[in-house]
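Using the sequences provided together with the hints, build the complete structure.
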Amino acid sequence: ILNVEQSPQSLHVQEGDSTNFTCSFPSSNFYALHWYRWETAKSPEALFVMTLNGDEKKKGRISATLNTKEGYSYLYIKGSQPEDSATYLCALRGKLIFGQGTELSVKP
Amino acid sequence: DGGITQSPKYLFRKEGQNVTLSCEQNLNHDAMYWYRQDPGQGLRLIYYSQIVNDFQKGDIAEGYSVSREKKESFPLTVTSAQKNPTAFYLCASSTTGGTGELFFGEGSRLTVL
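Chains A and B, in that order, give the protein sequences.
Counting from 1, one number per residue, gives the positions in the first sequence under this note's numbering.
Counting from 1, one number per residue, gives the positions in the second sequence under this note's numbering.
Hints should not be assumed to be uniformly reliable.
Have a look at the derived ranges for each label pair, beta carbon to beta carbon [what the hints assert, rightly or not]: (1) A:N29 - B:D54: 20 to 26 Å; (2) A:K58 - B:N84: 38 to 44 Å; (3) B:E106 - A:K58: 25 to 31 Å; (4) A:N20 - B:T99: 19 to 25 Å; (5) B:G63 - A:K58: 19 to 25 Å; (6) B:K14 - A:K78: 46 to 52 Å; (7) B:A81 - A:S7: 33 to 39 Å.
Read the hints as simulated data drawn from the structure, not as lab findings.
Remember, it's a predicted structure, so these values are computed and weren't measured experimentally.
C-beta: ideal position from N, C-alpha, C; glycine also.
Written out as structure tokens, the structure reads:
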């Protein structure tokens, strides 16, 4: 089974802080990487689909980068807001292996 | 509105009983998936189907069964052979081919008493 690792497991920040977390994956046979946001009592929703080495994607205050050669992706949140509180999941497309997630809590 | 509907949201069953979780989608997606989530763990793939009348085992298929008789439906049966069935179950769908993201239902929480 391929291993997709996310770190940290949880993160507590103050409103206005910028934060980032990591998704690590095997770099061989890369196809695509997904980022999802999963808010409590809701369904996970896709944030980004990343396919090319060096990809950078942005949606509002959230952005992500991809390095397929070294096997990692970073998710950045600029100026965190309480509504950003959620679990952020990455998944390796192909076999659809998910990481354990990073649980983000933003305090007002 | 297009989406995925899972039912029931909460389910209790006694040990030794089979139970079936429903998953319906109206997104016209060919592929459908079942995941299981346990505390402190990522989503683990139970079964997936890329086309009607065909499905494949995921990483933790033992003790589960599925069917895919219609494009829009992919029910999951948790059998009495599943040793630790208490968990949160998520259904998802996607387009096939390409890198399409998953669309998820809201999940079903199964508790075995």
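Structure-based check of each hint:
1. Taking the beta carbon of each, N29 (chain A) and D54 (chain B) are about 23 Å apart, inside 20 to 26 Å as hinted.
2. Judged by the Cβ atoms, the range 38 to 44 Å given for K58 (chain A) and N84 (chain B) holds: they are separated by roughly 41 Å.
3. Judged by the Cβ atoms, the range 25 to 31 Å given for E106 (chain B) and K58 (chain A) holds: they are separated by roughly 28 Å.
4. With their beta carbons about 23 Å apart, N20 (chain A) and T99 (chain B) fall inside the hinted range of 19 to 25 Å.
5. For the pair G63 (chain B) and K58 (chain A), the beta carbons lie near 42 Å from each other, so the given range of 19 to 25 Å is not met.
6. With their beta carbons about 50 Å apart, K14 (chain B) and K78 (chain A) fall inside the hinted range of 46 to 52 Å.
7. About 35 Å separates the C-beta atoms of A81 (chain B) and S7 (chain A), a value consistent with the hinted range of 33 to 39 Å.
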